[in-house]
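This is what each chain is made of:
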Amino acid sequence: MAFLDLVALRKRYGTIEVLKNINIELEEGGFLVLVGPSGCGKSTLLSTIAGLETITEGEIRLAGKVINDLHPSKRDIAMVFQSYALYPTMTVEENIGFGLEMRGVPKLERAKAVARVAETLQLTHVLKRKPSQLSGGQRQRVAMGRVLVRNPRLFLFDEPLSNLDAKLRVDMRIEIKRLHQETGRTVVYVTHDQIEAMTLATKIAVLKDGELQQVGTPNEIYNRPANLFVADFMGSPSMNLLQAAVVHRDGRKGLSISRRNGGGDLVLGIPPTITSTTLEEGRSLILGLRPEAITDRDSADRHARAVEFVDCAVEIVEPAGSDTFVVTHLADKEVVARMRSDADVRPGQTLSFAFNLDKAVVFDPESGQRLV
Amino acid sequence: MSAQASATHPRGLSRLLIYGSLGLFALFYLLPLFVMIVTSLKSLDEIHSGTMLSLPVAPTFDAWEKAWSSACSGLSCNGVKGYFVNSIRMVVPAVVISAMLGAFNGYVLTKWRFVGHRWIFGLMLFGCFIPFQVVLVPTARLLGSFGLANTTTGLVLVHVVYGIGFTTLFFRNFYVAFPDELVRAAMLDGAGFFQIFFRILLPSSLPIIVVTVIYQFTNIWNDFLFGSSFAAGEAAPMTVALNNLVNSSTGVKEYNVNMAAAIFAALPTLFVYLVAGRYFVRGLMAGAVKG
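Heads up: the protein sequence lines correspond to chains A and B, in order.
The numbering of the first sequence is this note's numbering, which starts it at 1 and goes up by one.
The numbering of the second sequence is this note's numbering, which starts it at 1 and goes up by one.
Next comes chain A alone, as it looks inside the complex (with noise of 0.2 Å):
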């Protein structure tokens, strides 16, 4: 049984319905990531796991017992706010040690345990300090001990990472993944950032207008996604989705992709991703292939039952130090490829470009699902 279980969970405010049926199950010492665009719904959700909010139909469950109605202080849940909402008047050590006074452990026993939390957090030397005191660092590293100080049954994070610039934010999140291993608590954690979703998610829930529209391993996620939502929406640069036709050719059906200035169309073999639909010829769909599936002849995945070999016109070049960003053009789009960082290309050469179809996906242009 799951340790924590969301059975359709409706949110109405008034008319407007912003979440939608959700069903989400974690096991106990999961890390849930909680992703979409914004106003999505997931903060609401993270509130209302929380008991912030309440919900307007179905069911939350924690370790088997129903919560829905249970007041936030009794839930024993912890939680990391956005702006940390670290209380001004106390010092790092008072705020650190709230939740164990507000729950009656005695001083002695409390200081003790904030002590071990701060150095954990390496917060000892500001411990007497003021919030206003500290560096945006530090004053998440608080927030971060608030919670880890006390051992409830679930964390929750609420996009805890994104007031920290770029290199912190990268640090930090390695404390977290760190935490996490080392603990083995439970946690659902929301963000907008799909890397931090995917480096650090054990399960991902992506969400779009209050729908959840998959969840998942971040592998499955990431290579399977359910829709062309959720496959545009993971991964950086984004999935090239290109408009296709199922074409027979030479005794053999294919996928025919219009190319610039005419030139013959790109006829690549049927992804073997696909497996129980029949595609009837003539028959539109949308191919799905990330930037790394499609590289240069040298990189090509040697293990891959279905590489393919075309040559197409190389528009623009990204050097972006550990690749090479390729951009040409297919299906009236930009279509990015994924170099070795030392590919001699060139803009306007014309190069052969390995397509690897064993990591392509297929979606259906009309309901925007992927075939299997």
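Derived by calculation from the structure, the hints in this document are not laboratory data.
Glycine is no exception: its CB is placed at the ideal position from the N, C-alpha and C atoms.
Where hints are given, some of them may not hold.
[Said to hold, decoys possible] Calculated cross-link-like contacts (lysine-lysine; reagent style DSS-like; alpha-carbon spacing at most 25 Å):
hint: 1; chain 1: A; residue 1: 107; chain 2: A; residue 2: 65
hint: 2; chain 1: A; residue 1: 20; chain 2: A; residue 2: 208
hint: 3; chain 1: A; residue 1: 107; chain 2: A; residue 2: 128
hint: 4; chain 1: A; residue 1: 74; chain 2: B; residue 2: 111
hint: 5; chain 1: A; residue 1: 130; chain 2: B; residue 2: 111
hint: 6; chain 1: A; residue 1: 130; chain 2: A; residue 2: 112
[Said to hold, decoys possible] Sample of chain A residues with no beta-carbon within 10 Å of chain B, all distances over it, derived:
hint: 7; residue: 27
hint: 8; residue: 153
hint: 9; residue: 224
[Said to hold, decoys possible] Derived coverage of chain B by chain A (criterion: at least 3 residues anywhere in the stretch with Cβ under 8 Å from a Cβ of chain A; other residues may be distant):
hint: 10; region: 178-191
hint: 11; region: 199-205
Given chain A, work out where chain B should sit, using these hints.
Just chain B now, kept in the frame of chain A:
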């Protein structure tokens, strides 16, 4: 160099003008206080012979002593000290209770919103604008039926009820800018309704507490209408006693004693302003920007 010199010159002149006029205004406003103090330090003979502004030739605190302990108002001749104490006994509980209730109302109206909270707040605001005179008769009847007519307790009650509208307004506007996330965080930390108020909100409220205390203290201390209507005689507050003293028509007018009594009546508010004044301005500004 020359350009700089010519630029400094008019600036120096305008400085002089600004400080000159400021000084003049200050003098003008301080003049009554000056007259009060010098008059209270003179003997009656000296008052009659000299001008209002002349300094006392032989300064004496006799008038102060008389005003405090033996001046006659109405039938008794015990000075104003009893009434001064009455006012203290009225103003302290009235200020403390109304400020506390206001803080609490502000907390509930902003952080524990309930159905109809706007209405409640609207009605409280409305209460601020009811003229005192309108409620004099009903209030008198009510106090009479409570058995609180002519008592300091009755005055405290009236001032608390009248003050709640203002204190609620102050605190509500202050707490509306107080981040909700702090309250939510405290809830998840396990703090209850009162713990959140006393541990999280109240410690951050010093500026608005100072504003409320000064405002309420000044208003209640200076009140004359309620005092004269509901607490005549022995329970009268300082303002009413001062009026009685000055208006006593028997004998010669003792201007020096009147002035000394007036100084006693003004001292507490002056004291509160001097102690907390700079927080007052700061608090008003903070409220103006945030609320």
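Hint check, failures only: Violated: hint 1 alone.
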